[in-house]
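Line by line, the protein sequences are chains H and Y. If you read the first sequence in this note's numbering, its first letter stands for residue 1, the second for the next number, and so on. If you read the second sequence in this note's numbering, its first letter stands for residue 1, the second for the next number, and so on.
Just so you know, the hints here were simulated from the structure itself, not pulled from any lab data. Computed from a predicted structure; not experimentally measured. A virtual CB, placed ideally from N, CA and C, is assigned to each residue, including glycine. Please note that a few of the clues may not be correct.
Taking CB as the label site, the calculated pair distances span [stated by the list, open to error]:
id, chain 1, residue 1, chain 2, residue 2, range
1, H, W64, Y, W99, 54 to 60 Å
2, Y, R133, H, S63, 23 to 29 Å
3, Y, R133, H, G104, 50 to 56 Å
4, Y, G42, H, G91, 43 to 49 Å
5, Y, A148, H, T101, 54 to 60 Å
In silico negatives: residues of chain Y with every beta carbon more than 10 Å from chain H [what the hints assert, rightly or not]:
id, residue
6, I40
7, I61
8, L140
Okay, here's what each chain looks like letter by letter:
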Amino acid sequence: MRAEALKGHLDGLLLAALEEGPLHGYAVKEALCAATGGRIDLPTGTVYPALHRLERAGLIAGSWSVVAGRRRRTYRLTEAGGRALSGERAGWQEFAAAVTTALGARPWPTTS
Amino acid sequence: MADHELIAQHLRALACRLPPQAVEEIADGLHETFEKYLAISGDPERAARAAIGEFGEVGLITAAFFRESPWRRAALTLLATGPLVGAAWGATLVAAHAWTWPVPLAVRMLYGTTLAVTVLALLLAARERRAYRRMRRATLAAALGLIALDVLMLIAIALLAPVPMWPMAIAIPASLIRILATLRWLPTALAR
Chain H
1 MRAEALKGHL DGLLLAALEE GPLHGYAVKE ALCAATGGRI DLPTGTVYPA
51 LHRLERAGLI AGSWSVVAGR RRRTYRLTEA GGRALSGERA GWQEFAAAVT
101 TALGARPWPT TS
Chain Y
1 MADHELIAQH LRALACRLPP QAVEEIADGL HETFEKYLAI SGDPERAARA
51 AIGEFGEVGL ITAAFFRESP WRRAALTLLA TGPLVGAAWG ATLVAAHAWT
101 WPVPLAVRML YGTTLAVTVL ALLLAARERR AYRRMRRATL AAALGLIALD
151 VLMLIAIALL APVPMWPMAI AIPASLIRIL ATLRWLPTAL AR
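Pulled out of the complex, with its shape left as it was, chain Y reads as follows (with noise of 0.2 Å):
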């Protein structure tokens, strides 16, 4: 596709970074502008210097696919939105007195450590700045995670709730409306 190994070499360094549609996009973009120095000077090397020149280092082209990914903003809101959905359930389950529920502690255990691993994988799609298809696992895995664990909680709730109590007015709808955003959000965000 690139004329000279240095176009190449841009092309791959940018491949192992973003998704291939953006690198083939951005290749039809580099090898046109190298033709159009190519014309000018007449010198390959010259040309290709001043193609890469003018799109950018792969770090800067890098970091505003980064910026702009629906992925790393969905992380962001989930990162940002978590807590409070996090403090809703948790007044609720003291609410409920939740310790004295009869959950297998494997079970408490599987639920503590898919939580904690949700947070790392969200932690991680935020702060990636290399690799965007580790980003996009990453936001993707938390954000199934996040949909498991709202769905263990409502249906823990609804088996094990003593009677209904107010801080269930706010962490049922929290978790219903970030399932359903997901759920919403995730089919357009893979189809990409």
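Isolated chain H, as found in the complex (with noise of 0.2 Å):
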């Protein structure tokens, strides 16, 4: 899936990436791709970036740990960003049941 295609739901995905526990970054895009069965696996270095403004924004918290002698920044979900991600979820459910109808097939309309 191109990337263009999840402006708008990429902060959703990465919040529910990280609803299940702490990850570090490359874990959070592996958690992702293994999530939507490989369909969405962005270039891992642009996770990040979008990781730092979700923090930024106060709805994941990140934290420095030392893993196998490399300085490792770990991500969890903060009570904001639970409830961002609630509320993703549900705009997306909305959002997803209309488009389903809309394009649903209908019956060709007969001509005799």
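From the two separate chains plus the hints, produce the assembled complex.
Written out as structure tokens, the structure is:
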């Protein structure tokens, strides 16, 4: 799936990836890829700035640790992030239901 | 930190463009990706190329960071609102016959030069695509410049304007809002 198709939905997807527990940047990308059956596989390097933006917005919180001699930044969902995720879910379900209804197969009108 | 020269090169190229903490975070992920592919292929060269391919080229990563940068957004906001605040002050100065004020020529020239440099710094920050630090410095300089210009204009109006006039009702609050918003935003941005 192309990155442009995710416009407006990336935040919700990243928040959902962190719902199960704290993850570092690469693991967030892997979780997103696994959760979508590989259909959403973003260039990993582009996930970090999106995570930083969510952190600035207070939706996730990051903390540094040392793993295998390397500094690692791990992110967790905040309370505000949990509420934002619920809102994203509700909005998406409403949107998806409306589009599904509009695009649903209809019988061709008879001409005779 | 990296186990292959290609990975090290990639990180060096990113380090020239992005903040150190961002590069450190990317390095951890890139290293983990490299290890994943190394376990699959057993070939360090192939693993390094696959890891870089999965992460994205330097230009792609840098562009994503610049798009999301609070410094760039601040520069764009100041550029967008600048002409409105400037127009309000322009109307105020015309209405107050500012050319008759006893302000030394050197002060006028200094104000004009600071204004021009500030606008140039904002344009530079908004157009910068290669060096995050340069964009950050340009936005910071412009933000401080605008605070100084706003404060100077408020002092000038308080001391030299003969009587209150209607354009001041727009110009003064606009400058105060810009000063307060910038002062509120700056410490948070500098702390990151």
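ask   = Is the gap between the beta carbons of Y/R133 and H/G104 within 50 to 56 Å?
value = Check passed, 52 Å falls within 50 to 56 Å.
request  = Would you check whether the claim that Y/I40 is not at the interface survives, using Cβ distances to chain H and the 10 Å cut-off?
outcome  = Per Cβ check, Y/I40 is outside 10 Å of chain H; nearest 14 Å; holds.
key: Exclusion check [Y/L140 not at the chain H interface, CB over 10 Å]   = The claim holds: Y/L140 sits with its nearest Cβ about 17 Å from chain H, beyond 10 Å.
request  = Take a look at whether the Cβ-Cβ distance between Y/R133 and H/S63 falls inside 23 to 29 Å.
outcome  = Since the Cβ atoms of Y/R133 and H/S63 sit about 24 Å apart, the hinted range of 23 to 29 Å holds.
query = Is it true that Y/G42 and H/G91 lie within 43 to 49 Å of each other by Cβ?
reply = 46 Å Cβ-Cβ, so the 43 to 49 Å window holds.
key: Y/W99 and H/W64 - C-beta distance against the hinted 54 to 60 Å   = Distance hint for H/W64, Y/W99 holds at roughly 57 Å.
query = Is it true that Y/A148 and H/T101 lie within 54 to 60 Å of each other by Cβ?
reply = holds (57 Å)
ask   = Once the closest CB in chain H is found, is it more than 10 Å from Y/I61?
value = Non-interface label fails for Y/I61: nearest chain H Cβ at 3 Å, not farther than 10 Å.
Checked against the numbered hints above, the structure violates only hint 7.
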